[in-house]
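Enquirer: Spelled out, the chains give:
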Amino acid sequence: MPASPSIERGAMAALRLAASVLLTLFGLLLATFLIARVVPIDPVLAVVGDRASADTYQRVRVELGLDQPLYVQFWRYVVLVLHGDFGRSVLTRNPVVEDIARFLPATVELATAATLIGVALGIPAGVLAAARQGRWADHAIRLVGLVGYSVPVFWLGLMALLLFYAELGWAAGPGRLDIFYEDTVAPVTGLILVDSAIAGNWAVLRSALAHLVLPAGVLGYFSLAYISRMTRSLMLEQLGQEYIVTARAKGLSERRVLWRHALGNTLVPLVTVVALSYASLLEGSVLTETVFAWPGIGSYITGSLLNIDMNAVLGGTLVVGVLFISLNLLSDLLYRWLDPRTR
Amino acid sequence: MVHRCAAFIFLLLSAPLGGPARAAAPPDTVVMGKGIDDIVSLDPAEVYEVSGAEVVGNVYDRLVEDDPRDATQIRAGLATAWSVDSSGRVFTFRLRRDARFATGAPVTAGDAAFSLQRAVALDKAPALVLRQLGLTKDNVAARVRAADEGTLVIETSRVMASSLVYFCLTAPVASIVERGVALAHEQEGDLGNGWLAGHSAGSGPYRLRLWRPAERYVLDANLDYWGGAPANRHVFVRHIKEAATQRLMLLRGDIDYARDLDKDQLDAIAGNPAIRFDRGVQSLVTYLALNQRNPYLRRPEVIAAIKHLIDYDGIAHAILGGTRIVHEAFEPQGYLGAIDDLPFRYDPERAKALLASAGLAEGFAVTIDVRNASPWTEMAQALQSGFAEAGITLTIVPGDGKQVLTKYRARHHDIFLGEWGTDYPDPHSNAEAFALNEDNSDAARKKTPAWRNAWSDPAMNAQVAAAMAERDVGRRAALYRALQRAHQQTAPFAFMFQLVETAAHPATVDGFLIGAGPAENRYAGIAKH
Numbered sequence: 136m137p138a139s140p141s142i143e144r145g146a147m148a149a150l151r152l153a154a155s156v157l158l159t160l161f162g163l164l165l166a167t168f169l170i171a172r173v174v175p176i177d178p179v180l181a182v183v184g185d186r187a188s189a190d191t192y193q194r195v196r197v198e199l200g201l202d203q204p205l206y207v208q209f210w211r212y213v214v215l216v217l218h219g220d221f222g223r224s225v226l227t228r229n230p231v232v233e234d235i236a237r238f239l240p241a242t243v244e245l246a247t248a249a250t251l252i253g254v255a256l257g258i259p260a261g262v263l264a265a266a267r268q269g270r271w272a273d274h275a276i277r278l279v280g281l282v283g284y285s286v287p288v289f290w291l292g293l294m295a296l297l298l299f300y301a302e303l304g305w306a307a308g309p310g311r312l313d314i315f316y317e318d319t320v321a322p323v324t325g326l327i328l329v330d331s332a333i334a335g336n337w338a339v340l341r342s343a344l345a346h347l348v349l350p351a352g353v354l355g356y357f358s359l360a361y362i363s364r365m366t367r368s369l370m371l372e373q374l375g376q377e378y379i380v381t382a383r384a385k386g387l388s389e390r391r392v393l394w395r396h397a398l399g400n401t402l403v404p405l406v407t408v409v410a411l412s413y414a415s416l417l418e419g420s421v422l423t424e425t426v427f428a429w430p431g432i433g434s435y436i437t438g439s440l441l442n443i444d445m446n447a448v449l450g451g452t453l454v455v456g457v458l459f460i461s462l463n464l465l466s467d468l469l470y471r472w473l474d475p476r477t478r
Numbered sequence: 120m121v122h123r124c125a126a127f128i129f130l131l132l133s134a135p136l137g138g139p140a141r142a143a144a145p146p147d148t149v150v151m152g153k154g155i156d157d158i159v160s161l162d163p164a165e166v167y168e169v170s171g172a173e174v175v176g177n178v179y180d181r182l183v184e185d186d187p188r189d190a191t192q193i194r195a196g197l198a199t200a201w202s203v204d205s206s207g208r209v210f211t212f213r214l215r216r217d218a219r220f221a222t223g224a225p226v227t228a229g230d231a232a233f234s235l236q237r238a239v240a241l242d243k244a245p246a247l248v249l250r251q252l253g254l255t256k257d258n259v260a261a262r263v264r265a266a267d268e269g270t271l272v273i274e275t276s277r278v279m280a281s282s283l284v285y286f287c288l289t290a291p292v293a294s295i296v297e298r299g300v301a302l303a304h305e306q307e308g309d310l311g312n313g314w315l316a317g318h319s320a321g322s323g324p325y326r327l328r329l330w331r332p333a334e335r336y337v338l339d340a341n342l343d344y345w346g347g348a349p350a351n352r353h354v355f356v357r358h359i360k361e362a363a364t365q366r367l368m369l370l371r372g373d374i375d376y377a378r379d380l381d382k383d384q385l386d387a388i389a390g391n392p393a394i395r396f397d398r399g400v401q402s403l404v405t406y407l408a409l410n411q412r413n414p415y416l417r418r419p420e421v422i423a424a425i426k427h428l429i430d431y432d433g434i435a436h437a438i439l440g441g442t443r444i445v446h447e448a449f450e451p452q453g454y455l456g457a458i459d460d461l462p463f464r465y466d467p468e469r470a471k472a473l474l475a476s477a478g479l480a481e482g483f484a485v486t487i488d489v490r491n492a493s494p495w496t497e498m499a500q501a502l503q504s505g506f507a508e509a510g511i512t513l514t515i516v517p518g519d520g521k522q523v524l525t526k527y528r529a530r531h532h533d534i535f536l537g538e539w540g541t542d543y544p545d546p547h548s549n550a551e552a553f554a555l556n557e558d559n560s561d562a563a564r565k566k567t568p569a570w571r572n573a574w575s576d577p578a579m580n581a582q583v584a585a586a587m588a589e590r591d592v593g594r595r596a597a598l599y600r601a602l603q604r605a606h607q608q609t610a611p612f613a614f615m616f617q618l619v620e621t622a623a624h625p626a627t628v629d630g631f632l633i634g635a636g637p638a639e640n641r642y643a644g645i646a647k648h
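Protein chains in written order, with the working numbering: chain D, 136 to 478; chain C, 120 to 648.
In case anyone wonders, no lab produced these hints; they're calculated from the structure. Keep in mind that the hints are not guaranteed to be accurate.
Stated by the list, open to error - Computed spacing ranges between beta-carbons, pair by pair: (1) D:Leu169 with C:Ala646: 51 to 57 angstroms; (2) C:Gly593 with D:Pro287: 54 to 60 angstroms; (3) D:Asp185 with C:Ala562: 15 to 21 angstroms; (4) C:Arg352 with D:Arg194: 40 to 46 angstroms.
Said to hold, decoys possible - Partial pick of chain C residues on the chain D-facing surface, computed with a CB cut under 8 angstroms: (5) Val150; (6) Ser160; (7) Ala244; (8) Phe355; (9) Asp373; (10) Leu524; (11) Asp542.
Stated by the list, open to error - Covered stretches of chain D (chain C as the covering partner; in silico rule of three or more C-beta atoms under 8 angstroms from a C-beta of chain C): (12) 176-185; (13) 293-302; (14) 307-320; (15) 433-445.
These figures come from a predicted structure and were not determined experimentally. For glycine and all other residues, C-beta sits at the position ideal for the given N, C-alpha and C.
Taking the hints into account, I'd like the entire structure generated from these sequences.
Expert: Next comes the structure, spelled out in structure tokens:
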């Protein structure tokens, strides 16, 4: 029995999507590999140091496979990656996969908390700004957003530490935990909030939360700035639509018009906004991680790059790229689910 | 489960409002904030980085040590007596009987022989220090041997200054490892290298409890240490890269020592009565290198002129603060044969006259390669300004540290601004680096700074060899002093500064000893009052 046209269309769409994702991943792999190989830096230096003998230098160069043609190096790398092996980090001496499993949860925890703050405050702020367009509330919210966009995160992080940690003592300092709580909870997910809750270790959970508040607040502010501006813009577009005029003419309360009808219709594009914001925090929180001594994936990749630890750079970049693509994919799927017109 | 979920949610909501939950440091525990992401291994046979050397210095013993308070003196380590025979090649070390490893096993000459043989056999980067003594993979088993349980014999390949041999043996690579532990963890013939990268098997005042790359390391005191138990029980060193963050944590009492404060951070707490500073001059020297492949930089008058266009005092004061002192010779202050002559001062008029005598009164243009980090770019800008006074156009080429180094090693630079630390606390280490270049060809095996700048002076090569072989310590020191004075006048290197390591701590904590190099920094005396 022939498949129905709708199933065929669905299968074709899934195939196209899979091909697109695979092609993107291959492009990412190739681009990062080539960038890593063409930078004017000698990766052997990272292994043997500046003063090694010519013999040691040559031996390590061969061990790293750098004596092989570029295409051979790439092919070997692709084969390893397909086996889930990103090689071993020069700096940590661990398999890169293990390093990523250790550093990524810290960033996920931070970015998730920041996004929650951004969404919880940014969407209402954007709605309010749109509803009060041109009035002081709108100006104030736009100003907050503008500052969030303009101020360097590095500076804001230091100022937040100075005020809330050093001066007022309201927040805990840098790091994920007080140092004496480190390693007191067995890692299950790598997310300390979750692991400490599973272990029932409330002192560690409390310490983790206290340490998370400040960096998440700083990153959340940037997320808030982006989300509130986008929400405002999307809401203004909706508030000019005829169905809003109709709703008001029918006597619906302003609250219902705003929060149910207008916001309801902006939720679809907002999903993409939030997903992009979250993805950018996953890959771009390196400065916050530096200021707050937060052992995340951004610091790991940056430190590896500065030390020409190419396996770590390639593995880290690839994982962040996959996360970025996955989030985009997820937002696309949500988009289709929320908006029947796009199916 | 429901109870746990409720507790989780309650804490989630209440923790940020209730202020930080702080686990205070016990009085017997020291916490330091420091950038430690340079550590790639803690195996003494492999350690070549600043932070790693400091760990090894505290966890392992060596046969002999340089005195942290006077780097020109050798003092007893695991060996209580040492001597050299009349041939000048056979060195004998008598080991102390009361030394034990952290496992409780006694330290024997067999362990010492194994450790040195292992370092040469593994042939990691620091093995060059031991190769200096003529030890190779092929001969090390015969030339480093345990005569009996408590006597170690080392035979060098040629006659060399005994002080050079002893100073080489104070380097981290010559640390004594417990043979049984290393071999018990051997994998695929690595002599325990993989395991020792993240564990310890030493007899020093501490043992390594934990090292998490780019996160922290933790040392526990060895209470049975032959030199006496440390004044503290645990040392936590946390990776904190940002200097401003270190300062804030110090002020809040979350760390006892801030180790990487820059000029701005030091200035900010200089007047704080609750904070004290430990300072020590270390062996890292800052220098300008002039590539002799550049036709302008090859002229002696230009080399001399450039040395008069550096505002040494201005840079030291305005850019470096208390983090470096002016030092114009290749041997670090405090080393055998070091000199404190300051023959060059910022003098643009004299520089102009020198350039005019070279037929370059109109000046010329060159580039300077420099790390794109503070204070290097600020220093390069100050040099640019000074050079302009004499008509030299200096274009700054900033780059990542490794990128700049790659270019430097390939001899593709004009001028290089960087720093250099000694491999071992003997004057030959830097003399070899900056004055010796016996093969100036591109295929040379030794790529020292002298080679990297395509500079070779046969007379100076001979002077370096003579100083290396001189067995009388006094005469040897005199040879290095003469060598440096000649080097200052002719070599295409302008030495400018020497590092002052500064550690800030509360007034209630003291006892950290800053030695002549990172491997000589000692935690054992740190106590809280």
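Enquirer: Does each hint hold? Answer for all of them.
Expert: How the hints compare with the structure:
1. Between D:Leu169 and C:Ala646, the C-beta spacing of about 55 angstroms keeps the proposed range 51 to 57 angstroms intact.
2. Evaluation of the 54 to 60 angstroms hint for C:Gly593 and D:Pro287 yields a pass: the beta carbon distance comes to about 57 angstroms.
3. Checked against the hint of 15 to 21 angstroms, the pair D:Asp185 and C:Ala562 passes, with Cβ atoms roughly 19 angstroms apart.
4. As the Cβ distance of C:Arg352 to D:Arg194 is approximately 42 angstroms, the hint placing it in 40 to 46 angstroms holds.
5. Satisfaction of the interface hint for C:Val150 is found here, the shortest Cβ-Cβ separation to chain D being roughly 6 angstroms, below the 8 angstroms cut-off.
6. Nearest Cβ of chain D to the Cβ of C:Ser160: about 7 angstroms, under the 8 angstroms cut. The hint holds.
7. For C:Ala244, the interface hint holds, since its Cβ comes within 8 angstroms of a Cβ in chain D; the closest pair sits about 4 angstroms apart.
8. At about 5 angstroms, the closest approach between the beta carbon of C:Phe355 and any beta carbon in chain D falls short of 8 angstroms, and the interface hint on this residue holds.
9. Of the supplied interface hints, the one on C:Asp373 holds, with its beta-carbon coming within about 5 angstroms of a beta-carbon of chain D, less than 8 angstroms.
10. The beta carbon of C:Leu524 comes within 6 angstroms of a beta carbon in chain D, closer than 8 angstroms, and the hint placing it at the interface holds.
11. Interface restraint check for C:Asp542: the shortest CB-CB distance to chain D comes to about 7 angstroms, inside 8 angstroms, so the restraint holds.
12. Remark: the region 176-185 of chain D is confirmed as covered by chain C, as 7 of its residues place a Cβ nearer than 8 angstroms to a Cβ of that chain, reaching the required three.
13. Only residues whose beta carbon comes within less than 8 angstroms of a beta carbon in chain C count, and the region 293-302 of chain D has 5; three or more means the coverage holds.
14. Residues of the region 307-320 of chain D with a Cβ under 8 angstroms from some Cβ of chain C number 10, which satisfies the need for three, so the listed coverage holds.
15. Check result for the region 433-445 of chain D against chain C: holds, 6 residues qualifying (beta carbon to beta carbon below 8 angstroms, three or more required).
Of the numbered hints stated above, none is contradicted by the structure.
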